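K.L.:
Okay, here's what each chain looks like letter by letter:
There are 2 protein chains.
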Amino acid sequence: MRTSLDCIPCILRQTLDAARLASKNPTVHENILRDVLGWAGEMDLSQSPPAMAQRIHRRLREITGVDDPYRETKDRQNFMALEMIPSLRSTIESAGDPLLLAARLAIAGNVIDMGVNGNFTEADVHQTINRALTEPLVGEYDEFRTAIAKAQSILYLADNAGEIAFDRLLIEKLSPERVTLVVRGAPVINDATLADAQAVGLDKIVEIIDNGSDAPGTILSDCSQEFQHCYSDADLIIAKGQGNFETLNTEPGNLFFLFKVKCPLVADLVKRPIGTQILAQSRSSKNELTN
Amino acid sequence: MRTSLDCIPCILRQTLDAARLASKNPTVHENILRDVLGWAGEMDLSQSPPAMAQRIHRRLREITGVDDPYRETKDRQNFMALEMIPSLRSTIESAGDPLLLAARLAIAGNVIDMGVNGNFTEADVHQTINRALTEPLVGEYDEFRTAIAKAQSILYLADNAGEIAFDRLLIEKLSPERVTLVVRGAPVINDATLADAQAVGLDKIVEIIDNGSDAPGTILSDCSQEFQHCYSDADLIIAKGQGNFETLNTEPGNLFFLFKVKCPLVADLVKRPIGTQILAQSRSSKNELTN
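Those protein sequence lines, which keep their order, are chains A and B. According to my numbering, the first sequence is numbered sequentially starting from 1. According to my numbering, the second sequence is numbered sequentially starting from 1001.
Next comes chain A alone, as it looks inside the complex (with noise of 0.2 Å):
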């Protein structure tokens, strides 16, 4: 997905609001958007929005000298995250239909998102369960099913902290023993890394590999090439969260895409309102999602 006009306020208003994370000097954050002002003018806009916000984050860290800056924020998502965990692990086995059950709250998950919005609470957290409890999924379920059933291998490409422990609930009704789960290669929002996986204890029932890139997505010649055999090799890749979808909406591959829409560029692609939990098969496998 190109980076449109659309998301330069939008990705300068994100950066305004990881310097304040990062660091408490009024001057640095005005250095940096000072930066990503400069060069923002020249950029390419044929790449995706997580190649932008990959680059405003190394410069964040740079200038700060603070590596993980959301780590104490993810810490306190994934404890918020993991207290629900055991009741809704309870609804889903005593669903007419688990894995649908698991799917929903799996994109549910997705609204702990520190890049599109750092003001949501638990409340909208709670909120968002129940929504998924009830409203209908948007998408290509019984494909998904079908590919899921089929699939000898699958590679799950986790997106954040706290959700991560959401995503473990349909990696438990995945057979794990073929899941392969792939966090980032390195920190950057509240994206989920190696750290976040064994918080929620998915290091004890998969394997997990990082995918040795510090995008928030998943930009694939800027990941590692053990990563991208991974990639290659998969029966089936789920693919959590916008990054992912911006970044692999038009990459080849038997995918299928699990995310809450969250703006209204992603909106006018998948044709669906901002809030809508999606799961869609990629136009690569199946050709409806446009680039």
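To be clear, the hints were calculated from the coordinates, so they are not data collected in a lab. From a predicted model like this one, the values you see are computed outputs, not experimental measurements. Accuracy of the hints is not assured; some may be wrong.
In silico lysine-lysine, BS3-like type, Cα no more than 30 Å apart, as pairs [what the hints assert, rightly or not]:
| hint | chain 1 | residue 1 | chain 2 | residue 2 |
| --- | --- | --- | --- | --- |
| 1 | A | Lys204 | A | Lys173 |
| 2 | A | Lys24 | B | Lys1271 |
| 3 | B | Lys1262 | A | Lys262 |
| 4 | B | Lys1262 | A | Lys24 |
Derived contacts from chain A toward chain B, CB cut-off under 10 Å, selection only [as the list claims (entries may be wrong)]:
| hint | residue |
| --- | --- |
| 5 | Leu5 |
| 6 | Pro9 |
| 7 | Ile11 |
| 8 | Leu12 |
| 9 | Arg13 |
| 10 | Gln14 |
| 11 | Pro26 |
| 12 | Leu33 |
| 13 | Arg34 |
| 14 | Asp35 |
| 15 | Val36 |
| 16 | Leu37 |
| 17 | Gly38 |
| 18 | Trp39 |
The beta carbon of each residue, even a glycine, is placed where N, CA and C say it ideally should be.
Put chain B on the given structure of chain A with help from the hints.
P.N.:
Relative to the frame of chain A, chain B by itself:
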């Protein structure tokens, strides 16, 4: 009021809205956005947000060759507001305190603002009018009433087209023969110029001057000598809208600001939530509004 770092993403969004209104050509949209990004990185934050908007809209007119991109919008807004005036005038006449109601309605008219939100509808205007009739006015109405009773000359600084029809209702209650109405010196966003004052018949009841400036606010140093004399000589100045507040809140003068709070920064400054209808005396006349 200084420009905050938070103003920058908002100003860029406004730039894009304005570029799309002024031209259908996506290359023009991209050029103007890149242009603004380039110099926003170097901007002097001690200037007010309207000073930045002034520069952007000059550049926009230069690139597109369109002198008044909002002319059609302003005509529509004047027409929409004028239709509401006769029944609102009757409501004012039958009110217990006609001046208070006229002031409330003039402030409600400030919802018609293409700078902050280009997407408001006629329904929004009606809803705001209804709120204006029922909700308490925040500020110093008693001081306002007293100042009006005393003043020999009143300078009334208009803000937007459409809104200016509501200003007429208040001006009718001020003994118009002592009122001089001030409009912008040239088109910028949907701010009222002489054509808009004439469209709502204000030229029939008051003297009208322009301030000689194309800023969407009143930057005294950028205004004509004639206006500056009127400003110094007036017993009382009524300044409509956030743009006039942002540029005059630390200037001298016996000023009252009438506006709707439209952005989080102004909300912080006046310590009232977004949407509040404010009638506030300037700190230079009564030490209450911070700079």
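K.L.:
Each hint needs a verdict: does it hold in this structure or not?
P.N.:
Results of checking the hints against the structure:
Restraint check for lysine 204 of chain A and lysine 173 of chain A: satisfied, since their Cα atoms lie roughly 15 Å apart, inside the 30 Å limit. Restraint check for lysine 24 of chain A and lysine 1271 of chain B: satisfied, since their Cα atoms lie roughly 23 Å apart, inside the 30 Å limit. Using a Cα cut-off of 30 Å, the hinted pair lysine 1262 of chain B and lysine 262 of chain A holds, with the two alpha carbons roughly 24 Å apart. With a C-alpha separation of about 27 Å, the suggested pair lysine 1262 of chain B and lysine 24 of chain A falls inside the 30 Å cut-off, and the hint holds.
With its C-beta approaching chain B no nearer than about 5 Å, leucine 5 of chain A sits inside the 10 Å limit, and its interface hint holds. Hint on proline 9 of chain A holds. Least Cβ distance to chain B is approximately 4 Å, under the 10 Å limit. Because the closest C-beta pair between isoleucine 11 of chain A and chain B is about 8 Å apart, less than 10 Å, the hint holds. Against a cut-off of 10 Å between C-beta atoms, the interface hint on leucine 12 of chain A holds, since the closest Cβ of chain B lies about 4 Å away.
Below 10 Å, beta-carbon pairs count as interface contacts, and arginine 13 of chain A has one with chain B at about 4 Å; its hint therefore holds. Of the supplied interface hints, the one on glutamine 14 of chain A holds, with its beta-carbon coming within about 9 Å of a beta-carbon of chain B, less than 10 Å. Annotation: interface hint on proline 26 of chain A holds; nearest CB of chain B at approximately 8 Å, less than 10 Å. Proximity of leucine 33 of chain A to chain B holds as hinted, the smallest CB-CB distance being about 5 Å (cut-off 10 Å).
Proximity of arginine 34 of chain A to chain B holds as hinted, the smallest CB-CB distance being about 5 Å (cut-off 10 Å). Using the Cβ-Cβ criterion of 10 Å, the hint placing aspartate 35 of chain A at the interface with chain B is satisfied: the shortest such distance is roughly 8 Å. Hint status for valine 36 of chain A: holds, given a least beta-carbon distance of 8 Å to chain B, under 10 Å. Nearest Cβ of chain B to the Cβ of leucine 37 of chain A: about 4 Å, under the 10 Å cut. The hint holds.
With 10 Å as the threshold, the beta carbon of glycine 38 of chain A comes within range of chain B, its nearest partner Cβ sitting at about 4 Å, so the hint holds. Hint on tryptophan 39 of chain A holds. Least Cβ distance to chain B is approximately 9 Å, under the 10 Å limit.
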